[in-house]
Amino acid sequence: MLPLGLFVLWWMASKYGWSQSPLLVPPGKVWATAVEQTTSGQLWIGLRSSLWRDLAGFTIGASAGLLFGAAMGLSRLFENTIGPSFHTLKQISLFAWIPLISVWFGLGDTAKVAFLSLAAFFPVVLNTFEGIRSVPRESIEVARVFKFSRWQLLTKVVFPSALPSIFTGIHLGLVYAWLATLGAEYLLVSGKGIGNTMIDGREHFWMDLVLFGVIVVGLVGFSLTWIAGHVEARLLRWRGTSVAQF
Amino acid sequence: MAHAGTLTISNLSKQYEVKGEVLPVLKDITLTINPGEFVSIVGSSGCGKSTLLRLLIGLEEDYQGEILLDGGRIVGTSLERGIVFQEHRLFPWLSVEKNIGLGLLNAKVPEEEKRRSIQEHIELVGLSGFETAYPYQLSGGMAQRVAIARALVNRPEILLLDEPFGALDALTRAHLQQELHRIWQQESITMILVTHDVEEAIYLGDKVVVMEPRPGRVRRIVPVALAHPRDRAAYEFVRIKEDVMREFIGQPAEEVIEPPLRAHDAPSDRLPSTFRFAV
Ligand SMILES: Nc1ncnc2c1ncn2[C@@H]1O[C@H](COP(=O)(O)OP(=O)(O)O)[C@@H](O)[C@H]1O
Ligand SMILES: [Mg+2]
Numbered sequence: 001m002l003p004l005g006l007f008v009l010w011w012m013a014s015k016y017g018w019s020q021s022p023l024l025v026p027p028g029k030v031w032a033t034a035v036e037q038t039t040s041g042q043l044w045i046g047l048r049s050s051l052w053r054d055l056a057g058f059t060i061g062a063s064a065g066l067l068f069g070a071a072m073g074l075s076r077l078f079e080n081t082i083g084p085s086f087h088t089l090k091q092i093s094l095f096a097w098i099p100l101i102s103v104w105f106g107l108g109d110t111a112k113v114a115f116l117s118l119a120a121f122f123p124v125v126l127n128t129f130e131g132i133r134s135v136p137r138e139s140i141e142v143a144r145v146f147k148f149s150r151w152q153l154l155t156k157v158v159f160p161s162a163l164p165s166i167f168t169g170i171h172l173g174l175v176y177a178w179l180a181t182l183g184a185e186y187l188l189v190s191g192k193g194i195g196n197t198m199i200d201g202r203e204h205f206w207m208d209l210v211l212f213g214v215i216v217v218g219l220v221g222f223s224l225t226w227i228a229g230h231v232e233a234r235l236l237r238w239r240g241t242s243v244a245q246f
Numbered sequence: 001m002a003h004a005g006t007l008t009i010s011n012l013s014k015q016y017e018v019k020g021e022v023l024p025v026l027k028d029i030t031l032t033i034n035p036g037e038f039v040s041i042v043g044s045s046g047c048g049k050s051t052l053l054r055l056l057i058g059l060e061e062d063y064q065g066e067i068l069l070d071g072g073r074i075v076g077t078s079l080e081r082g083i084v085f086q087e088h089r090l091f092p093w094l095s096v097e098k099n100i101g102l103g104l105l106n107a108k109v110p111e112e113e114k115r116r117s118i119q120e121h122i123e124l125v126g127l128s129g130f131e132t133a134y135p136y137q138l139s140g141g142m143a144q145r146v147a148i149a150r151a152l153v154n155r156p157e158i159l160l161l162d163e164p165f166g167a168l169d170a171l172t173r174a175h176l177q178q179e180l181h182r183i184w185q186q187e188s189i190t191m192i193l194v195t196h197d198v199e200e201a202i203y204l205g206d207k208v209v210v211m212e213p214r215p216g217r218v219r220r221i222v223p224v225a226l227a228h229p230r231d232r233a234a235y236e237f238v239r240i241k242e243d244v245m246r247e248f249i250g251q252p253a254e255e256v257i258e259p260p261l262r263a264h265d266a267p268s269d270r271l272p273s274t275f276r277f278a279v
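Which chain is which? The protein sequence lines are S and X, in order.
Residue numbering for the first sequence is 1 to 246, as defined by my numbering.
Residue numbering for the second sequence is 1 to 279, as defined by my numbering.
Hints in this document: simulated from the structure, not taken from any laboratory.
Be a bit skeptical, because a hint or two may be false.
Unchecked claim - Dumping the calculated DSS-like pairs for lysine-lysine here, alpha-carbon to alpha-carbon at most 25 Å:
hint, chain 1, residue 1, chain 2, residue 2
1, X, 98, S, 147
2, S, 147, X, 114
3, S, 147, S, 29
4, X, 27, X, 207
5, X, 114, X, 98
6, X, 207, X, 241
7, S, 147, X, 108
8, X, 98, X, 108
Unchecked claim - To be clear about the criterion: a stretch of chain S counts as covered by chain X if any three or more of its residues have a C-beta under 8 Å from a C-beta of chain X, and this derived list gives those stretches:
hint, stretch
9, 126 to 132
10, 152 to 162
Nothing here was measured: the structure is a model prediction, and the numbers come from that model.
Using N, Cα and C, we set each Cβ at its ideal position, and we do this for glycine too.
Looking at chain X on its own, in the form it has when it is part of the complex (with noise of 0.2 Å):
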């Protein structure tokens, strides 16, 4: 498969006009994403992570400074950069299956592997059995995981990531954060991870981009050198994962803590978000 280019982000700056006023969402973003790298990113709600997000995918046009992907502008979408959005966004009027297959409905491969392509895919998540259900009848949890499919089922080089376990319960996304990193390790994907889980960024990232509010601004990135498959109760992975949590504080309170996304299906077996950036 075609491999992944540079990603350099440098200067980046981002502003919505909400009723005639400026609102600075992004300053000054510098950072560069080497080909086939894990790049977690943690910040509290609101700053910008989202943003960032769709910039990089090609959905937003109006911004100042750049976005190179090996030295060239980032025009629009392009199949070779997927994304998990923060919300499922799947199409309730199609299957599982058909979902899945809308991210190869413009891919150049022969019908039969797609076939077995999104097999294998609806497997990778779990949902065998599933594949002629509709999305009103899955759980939160279930329709993130056929987006995660969706997103993956056609091989992008670069791979966003908006915060895609959240609506998960434990098992179920520690089962996914290794099959992404397999996924990762096997096919040298560029992967750009946000999620609000200190834990889940160090165990999957190369590097931990932390970033402040109010404009979003990168606060530190945080390398991660350690081998995988990474141990979480490893004394270097809890300092390295003090050191992050430590960048949060100094910050107000409540821009620390994270409301839940989405109330009604957050698993019950996590802490309550109160305690998340507890060290």
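Just chain S, same shape as in the assembly (with noise of 0.2 Å):
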């Protein structure tokens, strides 16, 4: 309801001639966009590049936020020789990393894929961590009492346990990274991507086609959210309620 308003009231500010500022360009003007974007290419050119960065950084990231959080949830040597110094480093920005990452990863797409996979990492190993530690002390005493092996109680106990709470991780690292997609495109400036085509938009005043980008990362984010949450729901379908639901 919020955004047809919001549309509505766009279109007949701009209609009416209610502002002058060259900032507000009518509906028609992006739609115009859109189709000359897309027709032409340059939206697909931008967006691949962007995606395919964040579904790499993410993979990376969570791949690497899984083993790490589960290391640290299975292991208290682990937890008590690696834990503190990730729980501080932690605590820095995320956008602080960047002077860093450029320093040993240059500008390129390889900087950017770090700091996505910086950006998944965090969520992951959490909620990872958060999730092995709070299996319930009721159901590894039904494993001892069925004499589980360490593997038995690490699959069949542990992990169903945990997944739940490792769901929330990915689905956050999911967001996290995309976010960070469009936050490496402006920070390290250099090749293409949706969020550069945004640049390129503010630089020479073409609101529309910054307005054109500004929907296009909405739907991008929306999808994303929503193929995880179907994921997600398909998967841990015995806890009885549907998580997907937008």
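Dock chain one against chain two, each of which comes alone in its own frame, and use the hints as you go.
Here it is as structure tokens:
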């Protein structure tokens, strides 16, 4: 309802000339830009490289986060030795890593992917760790009564029990990685991407292009969350509540 | 099948430490349980019945005294000893049949036989048609029946039951009491049943151990020398029941009254708990 209302307001504002600002472009113009960007293939070039980086960074970060979180949850030794450093590092704002990353990896794709991985890494680690540590003692006792091996305990009790929490982490990781994808294109300006398209638009006062970019970014974020929600609902069917409700 | 051993509990004491203070839970429990015997344990809430079962199953290592099985000290858990916990403790991510299958996960039985056995036990507890249901789809009583099936499916030599029928309606309870009795007779499993239902304790038990609280001790052991099947209305039965009930008199009232354990799924057809121990 709210988006619809805003849209009507926007449309009327430009139609009746309530504002003369060049920043207020009529919806029709944005639509024309959308058509132009889509048919000319410009959109796909930017979107493809952004999405590719997003998925690469997310995959690396989430996988590393899963392993790291599991190690921290399962091994007291690991937690006690590496844990404190991790908890200190996670306090640092994500964007504060940018200078360091650009020194290590430059300004190209590698640096961007490294930044995205970091964005996805932290929430996945934290939630995996949390999930493993909150396996109920009662469930572990059941496993002891039935003489589960360590491997059985891990695969049949600890992992399924931690899964909802792990999913929360992955979900967050997905969102953070996408936000970081755009952040990286702003801060490590070079190459192509949907963020770069928007920067171009801003620099040339092409508000229609900027707005079109905002819409595309929103739609991608929405789709990623939607897919994750559905995968989650499917795998966690046993919880009996649908998590994917939009 | 293999036969159960003699369980000898002597001078067993157990305490927990709560915020630096020692809380004695069990004191000087001495009890012998013969192979194939059915022992009922009754006692007010908090007198250490669940703790006693946890010790017997091997989940608690820190205690004084001795728990011997055929002369050997019990160390850790064993597939030869099974338990139905007071809460169902099903795994929410597994279906009914998979939950029951956990009981056979490490049993040395061919897959084919496992499947058949699981199906038999689903039927035994009256849950045919719910094989693929998840625990969230079950009522408290149904979940508890799954837990009973899970404990029975690998036919332990000693089976411990912690108020297993508490959440069931009267009909299901009577049915499962009978089934339990049948399995006990057929397979000479040693069974130890904790219950707050004195009638159930006498109906099933060869003897009834009455415990008293703070710290948990054995107050009296009442033998039940009645032939099966037992008639709950028979003179002898009622006499024993009165005998057991009398052991509760003289205990402070609030300890006699057992609060409902799971208020939300307590069956409505039962007397309020206040009346349960009133003769
Ligand atoms: N892990 C524990 N830590 C501290 N106290 C406990 C623990 N488990 C049980 N208790 C205490 O031991 C007493 C006996 O508990 P329990 O064996 O569950 O009694 P019952 O099964 O007869 O109701 C209670 O007072 C309870 O609070
Ligand atoms: Mg108890």
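Results for each hint:
| no. | hint | result |
| --- | --- | --- |
| 1 | X:98 x S:147 | 16 Å, holds |
| 2 | S:147 x X:114 | 17 Å, holds |
| 3 | S:147 x S:29 | 69 Å, violated |
| 4 | X:27 x X:207 | 20 Å, holds |
| 5 | X:114 x X:98 | 11 Å, holds |
| 6 | X:207 x X:241 | 12 Å, holds |
| 7 | S:147 x X:108 | 13 Å, holds |
| 8 | X:98 x X:108 | 17 Å, holds |
| 9 | 126 to 132 | violated (count 0) |
| 10 | 152 to 162 | holds (count 5) |
Hints 3 and 9 from the earlier list are contradicted by this structure; the remaining hints agree with it.
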